[in-house]
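Novice: If you read the protein sequences in the order shown, they are chains S and B. Residue 46 in my numbering sits at position 46 of the first sequence; the count goes up by one each step and never skips. Residue 255 in my numbering sits at position 255 of the second sequence; the count goes up by one each step and never skips.
Just so you know, these hints were derived from the structure itself, not from any lab. Each hint should be verified, as a subset may be incorrect.
Under the rule of at most 25 angstroms between Cα atoms (straight-line distance), these lysine-lysine pairs were calculated in the PhoX-like manner [stated by the list, open to error]:
#, chain 1, residue 1, chain 2, residue 2
1, S, Lys191, B, Lys387
2, B, Lys127, B, Lys196
3, B, Lys387, B, Lys127
4, B, Lys203, B, Lys127
5, S, Lys191, B, Lys127
6, B, Lys387, B, Lys202
7, B, Lys202, B, Lys127
8, B, Lys387, S, Lys187
So these bits of chain B aren't anywhere near chain S, every CB distance computed over 12 angstroms [claimed, not checked]:
#, residue
9, Val191
10, Asn304
11, Leu418
Note that CB positions come from ideal geometry on N, CA and C, so glycine has one too.
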Amino acid sequence: MSQAAPSSQFDRLTQAAAALSRGAVWVGGALTLASVFLICFDVIARKFFGYTVGGADELSSYAFAISTTWSLSFALMQRANVRVDVIYQYFSPRVAAFVDWIAIVALAVFIVMLTRYAFEVVNTSILQNSAANTPLATPLWIPQGLWFIGLCWMVVVLALMLLRASFALVKGDISTVHQLIGVRSSKEEAKEEAEAGERLIREERS
Amino acid sequence: MISTAISLLLVLIGLSIPVGAALGVLGLLLDSLYSMLPLSRAMGEMAWGTNNEFLLVAIPLFILLGEILLRAGFADRMYSAMSLWLSWLPGGLMHANIGASTLFSATSGSSVATAATVGTVALPQIKRYGYHEPLFLGSIAAGGTLGILIPPSINLVIYGVLTNTSVPKLYLAGIIPGLMMALLFMLTIIVICILKPSWGGKKIHANWVQRITCLADLLPPFGIFLLVVGSIYAGLATPTEAAALGVLGSLVLAAWTRKLSWRMIRDAIESSMKASAMIMLIVIGASFLNFVMSATGLTTVLTNSITGLGVSPMLMLFIIIVFYLILGCFMETLSMMITTIPIVAPIMIALGFDPVWLGIVIIILVEAALITPPVGLNLFVVQSLRKHGSMTAVINGALPFVLAMFVMLALLAWIPSLALWLPSVVE
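Let's have the full structure, built from the sequences with the hints guiding it.
Specialist: This is the structure in structure tokens:
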């Protein structure tokens, strides 16, 4: 029983993180759709009314940057990371679990470094009061800050996954490691794509 | 230096570390090994600069466009329209597979989704009309690959960004080779079915009344293609703006077919955000690695040592083709492109190849990777749709189409204007 408690707490934490990550993706999606409308409005106004709203490209670029980092953790939890499984597929489950663990450590190293230097970008913008060299003169710390928050959340989720995977690995719980951070093989991925295609056609015919 | 870098990369990729992280970590390692200055500090600015690039905004938008159109519910009718027009040819519905894939490609930048959708509609017809199963399966897998050659294509946007090549020019350059390749695929089917008439299935009859009335079903995808590609060349929009217009158009279309719902939008958003975040992670990792490589002089050393071999351009082209074919056996297509193009493109351009032309050649090589074992994603998709039998049937069926791709490559090497004529005319 003493072992069950922390893992169920972990489960709750993971579920909460998953829910929050999904929410973050929707925000990213909403920003993307907003960019779509803004850009379209800009193009149509420019063509037919000969006047430019201006800033559509700038704002949608910010939206893109923010939605990218805000979607990272969702992609991580869905195991959407692109990984090469040429050698991996021949590993025994035990070795594969260990390799998965190394992979997530490497990902964490990269993301933590990225976040650290991203902080300097935001910090510099705040200290120097930098504004974009555009008519809008957007204070850069705002989009950069939001972009940075996405990276921070990715670090939190990575830490959580790493902890959970480490515990599972130490306990020898290979299947949990695979479920958490294993490679989705090309076949698995293809199967999901195929199922998605079938679902779409079924819905189309209904 | 070169051998250390390459071995490190192989180890990182071999350990199946996520490609974006593998490139980023390699950059960090090379920085600490070979650089006097702390290059890593530039990582933040580099990531922000890349992630904030308006041209790259086209990536999530094109993915979203494809995801919405897939859900807009016209795949079925589009396929039957294609079959009414094309199934009189020897090989029957296999031409509809290619035709429907071509039209789908003109609205979507993804090869896998094209194969999955067309495949779902087409597969039940194998038994019904008695087709030779492997060839039929192969035509679906091969047709799907057209998705990344015929504009709009996400892969071409990435090539354009990595090599500083104009994306509108690349899009124009992809049209003729894309259509020619579709024709070559159809020609392959015709030749095979003339040699082996029993493979072509039962005759399907269609009359002109049916043919004319079904044209209406081809209009929606064609309209989106015109909106996206047309607005670029009418000087109305940049590629990113065209993608946004396409998304709006696809939303209107989905509303018209009564498929627009919150759930549909949510699904489309989740899968497109996920895909574009992963692509961007690789792009950010690659841009940092390229920065470290050029700052430490590794890029120059590498390029010089390869150009210093004194290999003739044509032999180099041959080497590159073999290189991509081998690499394509191991790597997923987008990460393969992002990892190799920063090295391959400068070498080839220094040898006098046109960057636009080279982009099209690399895309065709990537397409070949999609339908060659062991990691041909389109082969797996078709196999999963069919749920029985062995993978070998799909692999064998796709083989003639791989040959057709080589014919296309040879044609492109022989007559470069197949790709370059259209961009030059529009200028």
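Novice: It remains to establish, for every hint, whether it holds in the given structure.
Specialist: The hints, checked one at a time:
no.	hint	in the structure
1	Lys191(S) / Lys387(B)	9 angstroms, holds
2	Lys127(B) / Lys196(B)	18 angstroms, holds
3	Lys387(B) / Lys127(B)	14 angstroms, holds
4	Lys203(B) / Lys127(B)	13 angstroms, holds
5	Lys191(S) / Lys127(B)	22 angstroms, holds
6	Lys387(B) / Lys202(B)	24 angstroms, holds
7	Lys202(B) / Lys127(B)	10 angstroms, holds
8	Lys387(B) / Lys187(S)	12 angstroms, holds
9	Val191	29 angstroms, holds
10	Asn304	29 angstroms, holds
11	Leu418	31 angstroms, holds
Every hint from the earlier list agrees with this structure, and none is contradicted.
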